[in-house]
Amino acid sequence: MSVVLMALIVAGPPAAVVVAGVLTGLVGVAAIVIGVRVHRPRRPAIWLILAGAVGCTSFPKMLTSGAALHGPTILVSVLGNLGFLVAPLLLARVRGGKDREEAFDGWILALSFAVALRQFLLAGQPDQAVVPQQVVLVLTVSASVTLAACLRLVFLARRSPSAWLLLLGSVAGQLIGISLAMTNSGIIGSVVGADVLAGLSRLLLGAAALAPGMVRMTVPGDRRGDLPYARVVLLGIALSLAIVGVFIQAGGDQLTSFGGLGVLSVVVLLIVRVIQLINGRERARRLHALVAQLGTRALAEDDEHRLLQYIVEQVRVAMSAEAVVLLTDDEHGTPHLATADGSPAGSSATLTVALAEGGRLQIQRSGRRRRFSVDERFSAEAVGVTISSALRRYRSEAQARYAAMHDPLTGLPNRAQFLARLDAALAGAGGGSVALLFVDLNRFKDINDTLGHRAGDDLLVTAAERMRAEVPDGGFVARLAGDEFVVLVQDPAAAAPAEQVARRLRAVLDEPFVLTAGVAQIGGSVGVAVHRAGESTEQLLHRADLAMYQRKREASRR
Numbered sequence: 001m002s003v004v005l006m007a008l009i010v011a012g013p014p015a016a017v018v019v020a021g022v023l024t025g026l027v028g029v030a031a032i033v034i035g036v037r038v039h040r041p042r043r044p045a046i047w048l049i050l051a052g053a054v055g056c057t058s059f060p061k062m063l064t065s066g067a068a069l070h071g072p073t074i075l076v077s078v079l080g081n082l083g084f085l086v087a088p089l090l091l092a093r094v095r096g097g098k099d100r101e102e103a104f105d106g107w108i109l110a111l112s113f114a115v116a117l118r119q120f121l122l123a124g125q126p127d128q129a130v131v132p133q134q135v136v137l138v139l140t141v142s143a144s145v146t147l148a149a150c151l152r153l154v155f156l157a158r159r160s161p162s163a164w165l166l167l168l169g170s171v172a173g174q175l176i177g178i179s180l181a182m183t184n185s186g187i188i189g190s191v192v193g194a195d196v197l198a199g200l201s202r203l204l205l206g207a208a209a210l211a212p213g214m215v216r217m218t219v220p221g222d223r224r225g226d227l228p229y230a231r232v233v234l235l236g237i238a239l240s241l242a243i244v245g246v247f248i249q250a251g252g253d254q255l256t257s258f259g260g261l262g263v264l265s266v267v268v269l270l271i272v273r274v275i276q277l278i279n280g281r282e283r284a285r286r287l288h289a290l291v292a293q294l295g296t297r298a299l300a301e302d303d304e305h306r307l308l309q310y311i312v313e314q315v316r317v318a319m320s321a322e323a324v325v326l327l328t329d330d331e332h333g334t335p336h337l338a339t340a341d342g343s344p345a346g347s348s349a350t351l352t353v354a355l356a357e358g359g360r361l362q363i364q365r366s367g368r369r370r371r372f373s374v375d376e377r378f379s380a381e382a383v384g385v386t387i388s389s390a391l392r393r394y395r396s397e398a399q400a401r402y403a404a405m406h407d408p409l410t411g412l413p414n415r416a417q418f419l420a421r422l423d424a425a426l427a428g429a430g431g432g433s434v435a436l437l438f439v440d441l442n443r444f445k446d447i448n449d450t451l452g453h454r455a456g457d458d459l460l461v462t463a464a465e466r467m468r469a470e471v472p473d474g475g476f477v478a479r480l481a482g483d484e485f486v487v488l489v490q491d492p493a494a495a496a497p498a499e500q501v502a503r504r505l506r507a508v509l510d511e512p513f514v515l516t517a518g519v520a521q522i523g524g525s526v527g528v529a530v531h532r533a534g535e536s537t538e539q540l541l542h543r544a545d546l547a548m549y550q551r552k553r554e555a556s557r558r
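Once you know that position 523 of the sequence shown is 523 in the UniProt record's numbering, the rest is easy, because the numbers rise by one and skip nothing.
Hints were generated in silico from the structure; no laboratory data involved.
Where is the CB? At the ideal position from N, CA and C, for every residue including glycine.
Treat the hints with caution; some may be incorrect.
Said to hold, decoys possible - Using C-beta positions, here's what the derived DEER-type ranges look like:
#1 518 with 424: 22 to 32 angstroms
#2 542 with 358: 42 to 52 angstroms
#3 403 with 40: 55 to 65 angstroms
#4 289 with 348: 21 to 31 angstroms
#5 377 with 399: 30 to 40 angstroms
#6 508 with 295: 50 to 60 angstroms
#7 348 with 469: 49 to 59 angstroms
#8 313 with 546: 26 to 36 angstroms
#9 295 with 449: 28 to 38 angstroms
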């Protein structure tokens with residue numbers, strides 16, 4: 001290091017600038033190579049383009065010994081500065097994904113044109129231009145677009161890692177230094193000052209390449225929420241002030257100054273309109289993604305109430321609503337309510353969507369965005385269709401489950417549900433805590449033969465209703481087949497309650513049945529079996545069946 005310093009002192013300031021430029025270039029290229037090898041980011045070619053840009057902008061100084069650039073060296077320098085344009089644009093495209101809005105790109109170009117116009121007009125003045133006009137045009141446009149692209153990277157990021165900020169400072173320093181050197185505007189006294197900026201820019205670029213956050217630069221991300229109006233408009237005003245400065249500097253009179261302010265106003269209005277387009281398209285994209293997401297969730301979710309609550313929460317977030325209310329009717333006509341947040345404050349607008357399966361979806365929103373766009377209305381309709389389809393599926397599945405576990409005539413649980421319920425009761429029961437009543441209707445075949453099968457069906461329905469009314473809470477009535485029914489009684493002392501239930505069942509079955517085809521008198525035989533320790537389901541059911549037939553034989557002998 002001491003040898004380098006001695007060489008710089010002996011060589012003098014111009015040579016010192018050249019050597020410093022070469023050293024910073026070497027440091028920048030080496031840091032980029034090391035960063036790519038260590039962190040292994042996606043799309044390493046982008047960083048290699050930056051390394052080439054550093055080389056093309058620093059090493060021509062060494063070849064010309066600090067003299068002005070001419071011929072091929074100008075071309076190399078231009079290519080290097082274009083590298084500072086291409087790499088950030090590629091990073092912006094990778095970071096933002098392929099679905100970035102064209103309006104956002106148009107906004108960048110519009111703001112870049114404002115700065116490019118200023119640089120072009122200033123460079124066109126002979127006393128300020130130090131390089132050919134064509135080179136000024138290419139490099140100033142490159143500088144403007146690249147700086148805007150770097151700002152775009154910051155916009156796309158929910159958080160700005162240090163690597164992004166270092167890259168922004170690097171590109172900005174490089175391109176601002178170029179503009180100052182080309183226009184010789186007097187902000188920095190000589191071209192040497194621009195070289196200092198370029199050297200600092202290369203060091204910042206090397207630091208960005210070594211920072212761990214450089215890996216995230218090439219990971220696709222998604223901007224959440226709307227673009228902030230104030231932030232974007234202020235940026236547009238700052239860049240558009242260049243045009244106003246050109247008008248004032250060129251004319252100096254009041255009319256020209258007003259013209260510059262008019263141009264500024266037009267640019268601001270254009271920016272606001274572009275932001276509206278960007279936000280509208282972003283909201284439309286989010287809404288389309290929401291509809292697809294809810295459709296997928298509706299197919300996978302088994303819990304109806306959990307799905308409906310999830311839907312209202314997602315709709316509230318996607319549409320920036322203060323409140324979302326979903327009122328639906330179940331298969332029995334009972335209304336169910338799902339809400340997200342509370343009632344909106346102040347004046348609000350309400351978007352209501354009627355559901356095909358009954359009910360409605362209401363979205364309430366207040367504030368500046370009270371009105372609902374066409375995309376939001378279409379998306380709300382699509383969400384309503386998704387909800388209706390999900391409700392239809394839930395009800396179809398519920399009906400299928402009900403049909404599989406219930407008797408279609410009486411509505412009582414069928415044999416399959418009874419056996420499952422009995423197995424569960426015996427698995428969790430102690431010795432004599434479960435009793436089984438086996439019920440058979442007497443003379444039921446005679447009713448079918450004399451009054452017809454329609455009358456027999458009416459009798460079975462009425463008998464089921466009577467038995468269900470006599471079974472205490474916690475009891476279970478099921479139809480096994482034909483005119484056979486079973487009653488499950490669970491009680492710590494099941495024998496006594498079971499006998500009481502059996503007597504009540506016999507009494508209600510002995511009462512006459514008034515049918516459409518006539519009056520029927522049948523009666524019923526009820527067998528009782530109390531579960532014994534270690535007894536299986538089949539054994540308990542068999543003992544109850546035997547007890548029922550014993551009662552039937554006793555009744556026939558009377």
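Against the structure, the hints:
no., hint, verdict
1, 518 with 424: 22 to 32 angstroms, "violated, 42 angstroms"
2, 542 with 358: 42 to 52 angstroms, "holds, 47 angstroms"
3, 403 with 40: 55 to 65 angstroms, "holds, 59 angstroms"
4, 289 with 348: 21 to 31 angstroms, "holds, 25 angstroms"
5, 377 with 399: 30 to 40 angstroms, "holds, 33 angstroms"
6, 508 with 295: 50 to 60 angstroms, "holds, 52 angstroms"
7, 348 with 469: 49 to 59 angstroms, "holds, 51 angstroms"
8, 313 with 546: 26 to 36 angstroms, "violated, 58 angstroms"
9, 295 with 449: 28 to 38 angstroms, "violated, 56 angstroms"
The earlier numbered hints that this structure contradicts are 1, 8 and 9.
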